[in-house]
Each structure stands twice: as C-alpha cells, then as structure tokens.
Amino acid sequence: MKDWNVILGVDVSKLTLDISCASRGLHLKIENQSKGFSLFKKWCKTNTIDLKQTLVVMEFTGGYEYRFIQFCESHFIAYTRVPGLEIKNSMGMVRGKNDKDDSFRIGQYGEDKIKRLKPSRPLNANMLSLRQLLSFRKRIVREKAGLDSTLKERRHMYSVEKTDVITKIIKTKIKANQKHQLEIEKEIQVLISMDKEMLQNYRIITSIKGIGKVNAWMTIAYTENFTSFPDARKYAVYVGVIPFSNTSGTSIKGKPKVSHLAHKELKQELNQAAKTAMRHDPELAAYAERKQQTKCYNLVLNNVKFKLILRMFSLVKRGEMYIENYQRAA
60 MKDWNVILGV DVSKLTLDIS CASRGLHLKI ENQSKGFSLF KKWCKTNTID
110 LKQTLVVMEF TGGYEYRFIQ FCESHFIAYT RVPGLEIKNS MGMVRGKNDK
160 DDSFRIGQYG EDKIKRLKPS RPLNANMLSL RQLLSFRKRI VREKAGLDST
210 LKERRHMYSV EKTDVITKII KTKIKANQKH QLEIEKEIQV LISMDKEMLQ
260 NYRIITSIKG IGKVNAWMTI AYTENFTSFP DARKYAVYVG VIPFSNTSGT
310 SIKGKPKVSH LAHKELKQEL NQAAKTAMRH DPELAAYAER KQQTKCYNLV
360 LNNVKFKLIL RMFSLVKRGE MYIENYQRAA
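For the sequence shown, the numbering used here begins at 60 and goes up steadily by one.
Simulated from the structure, these hints should not be mistaken for laboratory data.
Don't take every hint at face value.
[As the list claims (entries may be wrong)] Below 25 Å or equal to it, Euclidean Cα-Cα: the simulated SDA-like pairs (lysine to any residue) are:
1. Lys73 with Leu193
2. Lys316 with Gly299
3. Lys293 with Asn357
4. Lys293 with Leu182
5. Lys156 with Tyr138
Based on the provided sequences and hints, a complete structural model is requested.
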C-alpha cells in the first residue's frame with residue numbers, strides 16, 4: 060500500500076469545487092472547469108503539495124465530479140470516491156453545513172481511513188456512456204408510464220371523444236417516447252457489441268433464465284463489467300438481498316433483515332428476474348416450491364435473487380454460458 064504525503068478533501072458541486080487539506084488548514088474554491096483546474100495546480104505548487112504523492116478524496120455525486128476526475132487522470136493524480144452517507148456517518152455529531160466545512164470533513168475522513176482507502180480505477184469511457192444511456196432510458200420509461208397513467212385516468216373520469224386535443228397530445232408523446240426508447244436501446248446494444256469483454260459477459264449472463272437485456276445492461280454498468288466487486292456476496296449486499304442480524308443483548312432478538320441501504324433500482328429489476336426464473340427455470344421453481352412450504356414468499360423471492368447473482372458471478376468468472384441441469388464431474 061502506498062503512503063500518501065497529502066490527503067485532499069474535495070466537496071463537488073455543479074459549478075464549483077471546494078478543496079481542503081485538513082492537516083494543514085488549507086482551503087481553495089475553484090470553478091468546476093479547466094480554468095479552475097489550472098488554479099488548483101498553481102495552488103498546489105505554492106503550498107508545496109506534490110500531486111504525485113497526493114490522494115484526492117471526494118463523494119459520489121452522480122456526474123458532477125467527472126470533469127475533475129478526467130483532469131486527475133490526465134495528470135496521474137490518485138483519487139478515490141466514497142459514498143456521501145459513509146462520510147456523514149463517520150463524522151459523529153455535526154452542527155451547521157457549508158461547502159468549505161464539508162471539504163475539510165471529507166479530508167479528515169480520508170486522513171482517518173487512509174489505511175483502507177484505495178485509489179479508484181481509471182474511468183472506462185464505454186462504461187460511462189452505458190450509464191448515461193441507461194439513466195436517460197430510465198427517464199423516458201418513467202415519463203411514458205406517467206403519460207399512460209394520465210391517459211387511462213382521463214378516459215375513466217371524462218367521456219372524451221376521439222377529437223379530444225389532450226388525448227391526441229398524450230398519444231403523440233407516448234409514441235415519441237416509445238421511438239426514443241428503442242433508439243436508446245439500440246445504441247446500448249451497439250455500445251456493448253463494440254466492447255469485446257462487455258459483449259462476452261452480456262452473452263453469458265443473458266443465458267441465465269430470468270436475466271433479460273435490461274438486467275444484464277444494469278448489472279454490467281454497476282459492476283463495471285464485474286470488476287468493481289470482488290465477489291457475488293459484496294454485490295448482493297450492494298443490491299440489498301443479504302439479510303443482517305438484528306439482535307442486542309437479551310432484550311432485542313429480531314429476525315435477520317435486509318438493509319434499506321441498497322441500490323433500490325437494481326433490486327427492483329432483480330425482482331422481475333427472480334419471478335421469471337421461478338416460473339421458467341425448473342431448478343429454481345422446485346427450490347421455490349420446496350422453500351415456500353416453510354418460508355414466506357418474499358423471503359423465498361429474496362433467496363432466488365441471491366442465487367441469480369451467484370450464477371452471474373460464477374459463470375462470468377469461469378467464462379462459461381449457463382447450461383440447464385449441468386453437473387460438473389466429481
């Protein structure tokens with residue numbers, strides 16, 4: 060593990076970056092663009108901060124940090140991104156909030172946790188494009204669902220005629236969204252087909268009954284093509300299908316429960332995959348039927364989701380397609 064001479068905490072926003080060195084009490088506020096990055100380099104030089112011996116710590120913001128990450132990669136500056144909730148929970152009791160203080164707190168978090176923090180991998184351009192396409196597809200799907208609901212509600216509440224202008228506009232927007240959704244999905248397929256490793260893993264996991272194209276796209280995107288999680292269990296915790304104990308002393312003896320700190324969208328998509336697998340995969344269907352004799356449906360569904368995750372990671376690791384009723388020789 061490399062020893063870092065300086066830890067910089069960065070609070071990222073859409074327009075600005077607040078950069079602090081907590082141990083030396085230094086702070087800089089710059090624009091989140093090339094002009095600001097030049098000022099950052101000058102500031103480091105003035106304060107004798109060797110960027111090659113520096114680790115930059117920042118939160119996941121969902122996109123605002125990408126410009127600064129590209130700058131860091133182009134100048135070989137090590138950086139790591141940490142979930143904001145993890146940093147918040149590590150602070151203890153905190154009063155007040157502003158960008159400058161937040162950057163100092165992020166820097167302090169980095170200094171406290173330096174032994175277990177590891178630099179993030181360089182951004183994969185294809186992975187970044189895939190996430191952007193999936194994010195926009197989700198927006199289109201939600202908008203279309205809202206329009207469908209509005210159309211049904213209008214037909215139910217009012218005796219509308221075929222010439223109703225509102226109905227016409229809604230139908231037009233729904234058709235346009237359907238067209239745009241197909242365009243986005245086609246672009247996603249082209250993007251995956253151009254990347255040999257992504258295409259191979261896509262073919263492998265879609266060979267599993269229950270795992271469709273959307274589940275496959277999202278799994279590849281959020282596991283960074285099965286490189287950002289060391290094993291299936293870590294990903295299952297991230298998705299929210301692993302139960303944790305709920306006991307304390309002799310008075311609290313609750314049942315194990317899954318944590319609400321999970322990626323709800325991935326979990327919802329896996330719900331549909333598990334339901335499909337329980338209908339069409341003989342092995343999982345038999346497992347679900349056997350378990351439902353003593354367990355509730357939701358628990359069994361959760362177990363099936365975990366089994367699907369185990370299958371995906373196992374097959375990708377071996378580089379093999381899923382084969383029904385396959386038995387490995389002893």
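Quick rundown of the hints versus the structure:
With a C-alpha separation of about 21 Å, the suggested pairing of Lys73 with Leu193 holds against the 25 Å cut-off. Between Lys316 and Gly299 the CA atoms are separated by roughly 10 Å; this keeps the pair inside 25 Å, and the hint holds. A distance of roughly 21 Å separates the Cα atoms of Lys293 and Asn357; the hinted pair therefore holds under the 25 Å criterion. Annotation: proposed proximity of Lys293 to Leu182 holds, straight-line Cα distance about 21 Å (limit 25 Å).
This hinted pair checks out: Lys156 and Tyr138 have alpha carbons roughly 24 Å apart, not beyond 25 Å.
Violation of the numbered hints given earlier is absent; every hint is satisfied by the structure.
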